[in-house]
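Taken in order, the first sequence gives residues 1 to 204; the numbers are from UniProt numbering.
Simulated from the structure, these hints should not be mistaken for laboratory data.
Computed from a prediction, not measured in an experiment: that's the story for all the values here.
There may be inaccurate statements among the hints.
Said to hold, decoys possible - Once the Cα atoms are required to be at most 27 Å apart in a straight line, the calculated DSSO-like pairs of lysine-lysine come out as:
# : residue 1 : residue 2
1 : Lys11     : Lys44
2 : Lys48     : Lys115
3 : Lys48     : Lys11
4 : Lys13     : Lys26
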Amino acid sequence: MGRAPCCEKGKVKKGPWSPDEDAILKSYVETHGIAGTWIALPTKAGLKRCGKSCRLRWLNYLRPNIKHGEFTEEEDNVIFNLFNQYGSRWSTIASQLPGRTDNDVKNHWNTKLKKKKKKLFLAAKTQSHLHSQSPLLHTQETDFTEIINHTPISCIAALDNSVDQFQIPTVSEPGAGSDSRDQWSSMEPWGCDFPADMICSMLF
DNA sequence: AACATCACCAACCGCCCGGAC
DNA sequence: AGTCCGGGCGGTTGGTGATGT
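Kindly generate the complete structure, drawing on both the sequences and the hints.
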């Protein structure tokens, strides 16, 4: 007995928006604003779409001043810092990045930054095992979040090389897992001397 | 060239919260 | 005070182009 859906299934179009639909929505919102409710908007505008779908399309794509394209290193840094601070509160994070949407930030994190963070962690561990030079990295009490927080993104490329060069033997790469459905989060972490729950809680 | 796999991103789903009644 | 409804949000999925075999 869930709540009623916001629109009748079967009577609304789903899937990618056509240029025509975009034009109708854009024109309507620019002329009338979001007068009333999003639920009522598609009927008024003559769109066979769910109100929520219209809202999402407007906010993520049609709204003025939306920034598309590559994220800058500076933006990456902001996302890293805010993620460490707030976790996956994408709207909060996106609000600090003018022109970026929560969906954009979320996708960017899931496809790029999560992997970067993972590599950074592995690289930090590799360095500690090979060189045993950083007292920060020696004990179980080590706060790796600190390390990650204070490592510039620009260092990651170098650390990536370290990982590739040394081929950490205790790490088994996940199978062909792609995107957010990869298998890292479900597998036993790399049999190292740090508690699995600690590592997982930091990385995923 | 054909097929398989990967990576990315737009869009959907469903839950939660707050305002209106 | 309780219920309803819409907006907002985060998680997830499906489609598609790129890359590898």
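Each hint, compared with the structure:
no.	hint	in the structure
1	Lys11 with Lys44	holds (15 Å)
2	Lys48 with Lys115	violated (39 Å)
3	Lys48 with Lys11	holds (7 Å)
4	Lys13 with Lys26	holds (17 Å)
The structure is inconsistent with hint 2 alone, although it conforms to all the rest.
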